[in-house]
Amino acid sequence: MTYTLYAAPGACSRVPMMALEEAGADFDVELVRFMRGAHRAPDFLALNPAGKVPVLVTPDGPLTENVAIATYLAGRHPGLLPDLSDPYEAARITANLAYVSSTLHPIVTRIRMPMFMADGDAAQGSVREKAMEMMRMHATTVDAALGAGPWWYGDDWSVQDAYVYWVWFRITGAGFPGEDYPAWAAHAARMEARASVQRALARDARLQAMLENEGLAVPMR
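So for the sequence shown, the UniProt record's numbering puts the first residue at 1; every next one is plus one.
In short, the hints are calculated from the structure, not lab data.
Values in this document were obtained by computation on a predicted structure and should not be read as measured data.
Certain hints may be false.
With a straight-line cut-off of 25 angstroms between C-alpha atoms, the simulated DMTMM-like cross-links for lysine to aspartate or glutamate are [said to hold, decoys possible]:
#, residue 1, residue 2
1, Lys52, Asp119
2, Lys52, Asp26
3, Lys130, Asp143
4, Lys52, Asp155
5, Lys130, Glu179
6, Lys130, Glu212
7, Lys52, Glu212
8, Lys52, Asp83
9, Lys130, Asp119
10, Lys52, Glu65
11, Lys52, Glu30
Listed next, with one range per pair, are the computed distances between beta-carbon atoms [said to hold, decoys possible]:
#, residue 1, residue 2, range
12, Asp86, Phe116, 37 to 43 angstroms
13, Glu129, Leu84, 34 to 40 angstroms
14, Asp155, Gly178, 20 to 26 angstroms
15, Tyr88, Ala217, 40 to 46 angstroms
16, Pro219, Pro62, 28 to 34 angstroms
17, Glu30, Asp121, 34 to 40 angstroms
18, Glu192, Ser85, 15 to 21 angstroms
19, Arg33, Ala123, 28 to 34 angstroms
20, Leu84, Arg36, 34 to 40 angstroms
21, Met35, Asp86, 34 to 40 angstroms
All C-beta atoms, glycine included, are put in the ideal place defined by N, C-alpha and C.
Make the full structure from the sequences, and use the hints.
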């Protein structure tokens, strides 16, 4: 089974990239050149009308949104999420993924790209400051969830770990005080020591190098 992942370096497409590496799946990566407007090209919009990454093209068709992609991959590659056979447990696991996608991820966007939310330096600074405040509150929740470790679900690694690690990468790269959240920091270190994560990071770095060679790169951190 072969997949194609449409991705951009540093973007949340890194989450399914880590999951695919963990599963040992056969997949190709297509670089979406945002600075060239590739996300607005008709062929890409046919895959995702929202013009965003990730898009995962599967044997069953294209999928968008990390919660959906993670759930699909877990069904195809057992072990990427806890057992989803019980309806309540499946809902709880989906809720945890959705917490990252619908609560944490939008805060990341406001920290990293306040220019998408407001015009002018003062307004953008206010957006970023408020987002940092919100993230501090949620970081306490994440830190507590990871405190028992080593992973979100105890001894079992999951795509949930990939998603919260991506959040960590994005916020600490923007000056968020990661040292105030030791369990999350330790989790990030464990992630970076994991072979599948290292392979995904290497892929991501190659995408960044391609953009740099083409004069289309933006800083990832």
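Do the hints match the structure? See the list:
no.: 1; hint: Lys52 with Asp119; result: holds (22 angstroms)
no.: 2; hint: Lys52 with Asp26; result: holds (23 angstroms)
no.: 3; hint: Lys130 with Asp143; result: holds (20 angstroms)
no.: 4; hint: Lys52 with Asp155; result: violated (33 angstroms)
no.: 5; hint: Lys130 with Glu179; result: holds (20 angstroms)
no.: 6; hint: Lys130 with Glu212; result: violated (32 angstroms)
no.: 7; hint: Lys52 with Glu212; result: holds (21 angstroms)
no.: 8; hint: Lys52 with Asp83; result: violated (29 angstroms)
no.: 9; hint: Lys130 with Asp119; result: holds (15 angstroms)
no.: 10; hint: Lys52 with Glu65; result: holds (9 angstroms)
no.: 11; hint: Lys52 with Glu30; result: holds (13 angstroms)
no.: 12; hint: Asp86 with Phe116: 37 to 43 angstroms; result: holds (39 angstroms)
no.: 13; hint: Glu129 with Leu84: 34 to 40 angstroms; result: holds (39 angstroms)
no.: 14; hint: Asp155 with Gly178: 20 to 26 angstroms; result: holds (24 angstroms)
no.: 15; hint: Tyr88 with Ala217: 40 to 46 angstroms; result: holds (45 angstroms)
no.: 16; hint: Pro219 with Pro62: 28 to 34 angstroms; result: holds (29 angstroms)
no.: 17; hint: Glu30 with Asp121: 34 to 40 angstroms; result: holds (36 angstroms)
no.: 18; hint: Glu192 with Ser85: 15 to 21 angstroms; result: violated (32 angstroms)
no.: 19; hint: Arg33 with Ala123: 28 to 34 angstroms; result: holds (29 angstroms)
no.: 20; hint: Leu84 with Arg36: 34 to 40 angstroms; result: holds (39 angstroms)
no.: 21; hint: Met35 with Asp86: 34 to 40 angstroms; result: violated (45 angstroms)
In summary, the structure is inconsistent with hints 4, 6, 8, 18, 21 from the numbered list given earlier, while agreeing with the others.
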